[in-house]
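Q: Whole structure, please, built from the sequences with the hints as guidance.
Quick note, the sequences are listed as chains A and B, same order.
Numbers 11 to 348, taken from our numbering, label the letters of the first sequence in order.
Numbers 81 to 345, taken from our numbering, label the letters of the second sequence in order.
Derived contacts from chain B toward chain A, CB cut-off under 7 Å, selection only: (1) Ser140; (2) Pro162; (3) Ala166; (4) Glu167; (5) Ala178; (6) Pro181; (7) Asn182; (8) Val191; (9) His194; (10) Thr197; (11) Ser199; (12) Ile201; (13) Asp204; (14) Ser205.
What the simulated footprint calls covered on chain A by chain B, stretch by stretch (three residues with Cβ under 8 Å from a Cβ of chain B suffice, anywhere in the stretch; the number is not a length): (15) 211-217; (16) 220-227; (17) 231-239.
Computed list of lysine to aspartate or glutamate pairs in EDC-like fashion (alpha-carbon distance at most 20 Å, straight line): (18) B:Lys261 / B:Glu153; (19) B:Lys292 / B:Asp282; (20) A:Lys209 / B:Glu217; (21) A:Lys174 / A:Glu104; (22) A:Lys54 / A:Asp186; (23) A:Lys174 / A:Asp186; (24) B:Lys292 / B:Asp230; (25) A:Lys209 / B:Glu215; (26) A:Lys209 / B:Asp200.
Read the hints as simulated data drawn from the structure, not as lab findings.
All C-beta atoms in this analysis are idealised placements derived from N, C-alpha and C, irrespective of residue type, glycine included.
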Amino acid sequence: MSAVEDVVTEAPAVEAVPKRSMTLGYGTSLVVLAALILTPLFVKNFIIFQMTQILYFGLAVLALNILTGGSGQFSLGQSAFYAVGAYTSAILMEHVGMNYALTLPVAGAICFGFGFLFGQPALRLSGVYLALATFALAVAMPQLLKLGYFEHWTGGVQGLVVTKPDAPFGLPMSQDMWLYYFTLAITIAIYIFSVNLLKSRSGRAFMAIRDNEIAASAMGVDVALYKTLAFGVSAGITGVAGGLGAIAVQFVAPDSFTITLAIQLFLGMVVGGVGWLPGSIVGAAFIIFVPNIAEGISKGLSGAVFGVLLFLVIFLVPHGARQVAIVAQQLIGKLKKT
Amino acid sequence: MTQAQLAQGQYPLLAVRDVSVLFGGIIALNGVSFDLHQGQILGLIGPNGAGKTTLFNCLSRLYQPSTGDILMEGQSILTRPPHRIAEIGIGRTFQNVALFPNLSVLDNVRVGTHARTNSDIFSDSLKLPWVRRGEAELNKRVHEIVSYLDLDDVAHTVVSGLPFGTQKRVELARALAADPKILLLDEPAGGLNHEEVYVLGDLIRRIRDERKVTILLVEHHMGLVMSIADHVVALNFGRKLAEGTPAAVQSDPDVIKAYLGSKDQ
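A: Put into structure tokens, the structure is as follows:
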């Protein structure tokens, strides 16, 4: 264990170059990007579908990361924003006949508004109390979606079936592959916007609030405004992720958006490293693949195996994928020197 | 303040007028008045519980006085929320250092410019040209201040790992980044050793002279106050005990009694 503890205590020294503390270097980013672009050309459609899942779940984890890692606010209610995004896309596509790509900005905008408004009462709460308030939101959402009053639009308990889009311009690729590249493009764009945001005046205001509210306020940061904005941004991105999810899965139903989803996203954030944006994708991969791996090890005890695996991750690398990245960086640094 | 004074432009930079603060039945401040003039270093002294920090928190709008008023260049500041104090030129440091521990020195100082800059989350996310230009200008300014306070070597370091004395300098840099007219320093000498206190005294004077900042200093360390302040206000039990030059206040019998106790007690 001592080696691990050493790494944890050494971490601040590595973070001495704060430019990289939130993101990856250019070289690493290009390698990851190349892998993301090329892999689908060589794998089966089902794997491509899973990679799409990683991307949009990654976006949802990224959204939570901006809220928690950036502005220091907890949320167990991300599944509610995700559901609103998914339903907005599904309803616009199926009832209004809108193009699938155009439904995403609408889903994002509606969720931004929803998150911003939810952020107002949440201002009075912090820490575990805020987590509980958002938990209530997550618990309420599936039932709201089942309400008979909205049934004409939401399809009630049955949910809505969404048509899967074909590749445009007669591109010779499968629906899954097109959807993957479509999702990838949106994910990259939102990732870049998020990095820009966190490195800007607004992002610094978020982090100042996270670190010390009173000092932030004395520097002129409108704490209430930026806290609600963080909720809005997080909900907006989660909404886009939800929309993408609806299109990829071709189906939305109230019971896909329970508290379990919110907890999965939270788990993804912790495994990826709180406040480290590239970790969001790693966290998403964890919540999608590890339950399958656990099932492969033992069908009857998959939950228990998953628990053990999760426990191992948290015990060995408490700072998640970020910590692994830091160790790797140090190792490469040492190799270069010798 | 009379109309005549206003017309002559004679009003002080900051005027504390008959300020009282009540916490339940406890009178933390009782009718305190004093003026702070342009270019002054004013030392606010008093034993523990005298009301120094309470007054300070009224100035940064964390507490609302029960009566009285605080005027900045003739305008009341009591209608402003706490986050709109920095923009009128009042900067502050905190008693036990209140930095943003997970941010680098540069980012801490950058947050200090928040009140002097503008942006919105959409332009920031898209990194629009005017955001880029703003950041470039801001960086120039931030680097200048970081050099001014001799923090170049640690500019990229996360502040939580820095020695206490250095953290205090970072806090000063952060406050100066907003280009304040008045700098409120809450016990800047606290936790510093003898030598560091004298270096700090020089630094405060240099900041006043070179950056044209008026300074209000709350301090326990008598040596520091007496060596750098032009004007001293002594508080005890929420009341103003004495006011004047450092020498006059130091020899005031009431002040001596408050600090050392008298024979009849």
